[in-house]
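If you read the sequences in order, they're chains U and G. Heads up: the first sequence at position 240 corresponds to 322 in this note's numbering, and the numbers run straight through without jumps. Heads up: the second sequence at position 356 corresponds to 390 in this note's numbering, and the numbers run straight through without jumps.
Misleading hints may appear alongside valid ones.
Said to hold, decoys possible - Listed below are the simulated DSS-like cross-link pairs for lysine-lysine, each with C-alpha atoms no more than 27 Å apart in a straight line: (1) K431(G) / K280(G); (2) K154(G) / K254(U); (3) K184(G) / K254(U); (4) K486(G) / K372(G); (5) K176(U) / K154(G); (6) K184(G) / K87(G).
What the hints assert, rightly or not - Simulated coverage check for chain G against chain U, where a stretch passes if three residues somewhere in it have a Cβ under 8 Å from a Cβ of chain U: (7) 129-137; (8) 140-154.
For the record, the hints were derived by calculation from the structure and aren't laboratory data. All residues carry an ideal CB built from backbone N, CA and C; glycine is no exception.
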Amino acid sequence: MADAAQAAGIGLWAVPLAMIGGAIRVSTPFIFVSLGETITERSGRINLGLEGTLVFGAMTAYAIAVETGSAWIGLAGAFVSGCCFGLLHGWICKFPRVNDIAIGIALMLFGTGLAFFFGKAYIQPSAPHLPAIPFGFWSSTPQVRAALDVNALFLTGAALAVFLWWAFQNTKIGLVVRVVGDSSDAARAMGYSPDLVRLLATAVGGGMAAIGGGYLSLYYPGSWNESISSGQGLMAVALVIFSRWNPLGCLAAALLFGGAGALGPALQSVGVTHGYYLFYAAPYVLTLAIMILTSSPGRTLAGAPGELSITR
Amino acid sequence: MADRGGAIEVEAVGMTLRFGAFTALDDVSIRIRAGAFHALLGENGAGKSCLVKCMLGFYRATDGQIAINGRETPIDSPRDAAAHGLGMVYQHFTLVPSLTGAENIVISRADAPQIIDWRKERTALTRFMETMPFHIPLDVPVSTLAAGQKQKLEILKQLYLGRRFLVLDEPTSVLTPDEADETLGHVRALTESGALTVLMISHKFNEVFAFADEATVLRRGKRMGGGPIGSLNRDMLAAMMIGDQKIANLDARRLASEAPDVLDITGLRAPDESGLKTIAVDALRVKAGEILGVAGVSGNGQKEFLEILAGQRRHDCGAIHVHGAPYCATRAEMRKLKVRIIQEEPLRNACAPRMSVAENLAFRTFDIDESGRTRVLLDGKAIRCGAQRLIEQFGVKTASLDTPIAALSGGNVQRAVLARELTGEVDLLVVANPCFGLDFAAIADIRARIMKARNAGAAVLLVSEDLDELLELSDRIVVMSEGAIVYETNASCADPHEIGRHMAGHY
Numbered sequence: 083m084a085d086a087a088q089a090a091g092i093g094l095w096a097v098p099l100a101m102i103g104g105a106i107r108v109s110t111p112f113i114f115v116s117l118g119e120t121i122t123e124r125s126g127r128i129n130l131g132l133e134g135t136l137v138f139g140a141m142t143a144y145a146i147a148v149e150t151g152s153a154w155i156g157l158a159g160a161f162v163s164g165c166c167f168g169l170l171h172g173w174i175c176k177f178p179r180v181n182d183i184a185i186g187i188a189l190m191l192f193g194t195g196l197a198f199f200f201g202k203a204y205i206q207p208s209a210p211h212l213p214a215i216p217f218g219f220w221s222s223t224p225q226v227r228a229a230l231d232v233n234a235l236f237l238t239g240a241a242l243a244v245f246l247w248w249a250f251q252n253t254k255i256g257l258v259v260r261v262v263g264d265s266s267d268a269a270r271a272m273g274y275s276p277d278l279v280r281l282l283a284t285a286v287g288g289g290m291a292a293i294g295g296g297y298l299s300l301y302y303p304g305s306w307n308e309s310i311s312s313g314q315g316l317m318a319v320a321l322v323i324f325s326r327w328n329p330l331g332c333l334a335a336a337l338l339f340g341g342a343g344a345l346g347p348a349l350q351s352v353g354v355t356h357g358y359y360l361f362y363a364a365p366y367v368l369t370l371a372i373m374i375l376t377s378s379p380g381r382t383l384a385g386a387p388g389e390l391s392i393t394r
Numbered sequence: 035m036a037d038r039g040g041a042i043e044v045e046a047v048g049m050t051l052r053f054g055a056f057t058a059l060d061d062v063s064i065r066i067r068a069g070a071f072h073a074l075l076g077e078n079g080a081g082k083s084c085l086v087k088c089m090l091g092f093y094r095a096t097d098g099q100i101a102i103n104g105r106e107t108p109i110d111s112p113r114d115a116a117a118h119g120l121g122m123v124y125q126h127f128t129l130v131p132s133l134t135g136a137e138n139i140v141i142s143r144a145d146a147p148q149i150i151d152w153r154k155e156r157t158a159l160t161r162f163m164e165t166m167p168f169h170i171p172l173d174v175p176v177s178t179l180a181a182g183q184k185q186k187l188e189i190l191k192q193l194y195l196g197r198r199f200l201v202l203d204e205p206t207s208v209l210t211p212d213e214a215d216e217t218l219g220h221v222r223a224l225t226e227s228g229a230l231t232v233l234m235i236s237h238k239f240n241e242v243f244a245f246a247d248e249a250t251v252l253r254r255g256k257r258m259g260g261g262p263i264g265s266l267n268r269d270m271l272a273a274m275m276i277g278d279q280k281i282a283n284l285d286a287r288r289l290a291s292e293a294p295d296v297l298d299i300t301g302l303r304a305p306d307e308s309g310l311k312t313i314a315v316d317a318l319r320v321k322a323g324e325i326l327g328v329a330g331v332s333g334n335g336q337k338e339f340l341e342i343l344a345g346q347r348r349h350d351c352g353a354i355h356v357h358g359a360p361y362c363a364t365r366a367e368m369r370k371l372k373v374r375i376i377q378e379e380p381l382r383n384a385c386a387p388r389m390s391v392a393e394n395l396a397f398r399t400f401d402i403d404e405s406g407r408t409r410v411l412l413d414g415k416a417i418r419c420g421a422q423r424l425i426e427q428f429g430v431k432t433a434s435l436d437t438p439i440a441a442l443s444g445g446n447v448q449r450a451v452l453a454r455e456l457t458g459e460v461d462l463l464v465v466a467n468p469c470f471g472l473d474f475a476a477i478a479d480i481r482a483r484i485m486k487a488r489n490a491g492a493a494v495l496l497v498s499e500d501l502d503e504l505l506e507l508s509d510r511i512v513v514m515s516e517g518a519i520v521y522e523t524n525a526s527c528a529d530p531h532e533i534g535r536h537m538a539g540h541y
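Work out the full structure, taking the sequences as your base and the hints as a guide.
Listed below in structure tokens is the structure:
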């Protein structure tokens, strides 16, 4: 093992470096899905269907990128498809006595199924990738360069998190979303329609989740196949609760999850050959541990929007 | 902000509202002169809120007109009402709990800007607050404010929005006596200064006589009378409100001799709902044949305390004894020690809403037979017979035994739960806000039954937000504030203002 690390040139430093690079790479879809879900949940609704939206977005982005030759057009297509899924969810949930969680699970299965159906033809052809910005140009060490190849979507996502955090307190739209999410009665008394606000919030949330999917198929891992998501859309929903519906918290939590997810590959890259695969489970163990630590039967979740079906 | 002229006169003429065959309002006319503090009285279902909602555009009246400052003005939506300066403060606050006061006020403005310049808004708010008789912290989330502060913030919000006619829907139902006096005093000052006209829905005679200058009474959708406060008295108002309905009398309080403690709580500790504060009841005893009233502003730990007694919440340490035996709120213990619990929000805490009335009434007894042995198969016939008997005894109004209990009105759900819990031998009765939202007759009936249980030798722990109720029923009163018992007094010599100060945390 020591030999392998030596051979890599920078010794055990390769592990944290690979984890930083990995955190940035792996966290990007988490950022988009969880920010989208934050908008939806802040408006008082849970969309568990984001897993399906993510997979469908990955397929749409890839297919359109193959057909048009442009990764960006593919991403735009993914956004539109995600919005459609969100609109569908929001529209169904508008009816009385409809449970948003059940609809979410149905749409999750529907989204993945539909993506597999349409995506069969696109497993073989290769699509153009999204560009990365080489922040590691100053270094001659290949590991540093690899770690600091930051994709444009990560930067967009980070900026979006800051923007959303600002917008929830300083814009009318942000405040209206919070009002609707915390008290439907108050919103109605102010003349806003909770159903409409939730419909739009779910649509935007879906669109963002689909962008997260587009990132998966167009950047990292960068191909379309049926096991592309492996539950990332669902974990992002858990992440929203962990970060207490705070966009900046989402960014931090996504990075933490990304880092945990990069642990396995990083250990493998320095030559750890035994047991590294256990670390592939790290994000899932982390999700579970966090959910257990942050919940308690005796108290309500701090900061939870009052209209959410899980807190009501 | 609309222009802030003076108070306006609002008049409703011949208001009639029909829902199908049901007439909610029948030719009601009411005139509230500019700068008046007008009280609107009536029982639940008398049509008070229908009248008000017609005036504010929530309902469209079947017939009748609204005139503002003597000019006929059609009001078709709440938006129309707002444009004419008509606003309402609801009984259940319409402030958004997680937003700060400033955010709440700014977002309810119709012309709130897309991007909010907080510095500018704050300056405007500060300037506005300087013209107001009371001050509220605007930078903390509304959920951290006391009920009285919320009520005042609601009123501030309406004034900031330029309303010149305000409907207050039972504004003091959640306030301590001092808070109520203070808030209504400020409202009265605003009306006297000519800035505001107020229509207050109430059924507390005290505050009507202390603050209002005119009153109107409704019963069953009709105007029964009214006029300047000087020309009215309590008995006249009561007669107009309830007509010739029979009201249950409270039994005389039977004096309890030296009785043993039934409930004994020592050193109880539990985290509250938010997990941040602690419920800490060091010592609390209730004797047989005694009603111990627990006063307190809601949200001070009463709910958690009751949940512990009902077995809905675990406690960290401390001991609860009933008749000297340790009590952990299991079904077996409740049965053996004869503990009965009537939680607040009975539909949520004490019923299975979609199960039938008969099934709900049998929850205490369905699994044992007459001799107390466990049953394997249910006896449907006995369940129905028992339910039929209870329904007749307690006057529960239900379409049939098989109606889901959720379909009953609030008062009847409460009666059904009371019927179930007060049947059989009761040694310890825990009751929370039993009369919340019920009408005169139902309240009198339920209070009479609690007093009967006391006189029959039960120890009663009565938790209520209504201080008048506690003063009427209790033998002793304790005050719960911030999760702890902070004050104790004998009910016969209790001073409501002293209790109120402890409820508010000022002592």
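Going down the list of hints, with the structure as the test:
Restraint check for K431(G) and K280(G): the C-alpha separation of about 16 Å stays at or below 27 Å, so the hint holds. Taking the CA atoms of K154(G) and K254(U), the gap is near 15 Å; set against the 27 Å cutoff, the hint holds. The straight-line distance between the Cα atoms of K184(G) and K254(U) is roughly 22 Å, inside the 27 Å bound, and the hint therefore holds. At most 27 Å may separate the alpha-carbon atoms for a hinted pair to count; K486(G) and K372(G) meet this at roughly 16 Å.
Note on K176(U) and K154(G): the hinted pairing is violated, with a Cα-Cα distance of about 37 Å set against a maximum of 27 Å. Straight-line distance between C-alpha atoms of K184(G) and K87(G) comes to about 22 Å, which keeps the hinted pair within the 27 Å bound. Given a C-beta distance limit of less than 8 Å, the hint that chain U covers the region 129-137 of chain G holds, as 6 residues qualify and 3 suffice. Only residues whose C-beta sits within less than 8 Å of a C-beta in chain U count toward coverage, and the region 140-154 of chain G has 10 of them, enough to reach three; the restraint holds.
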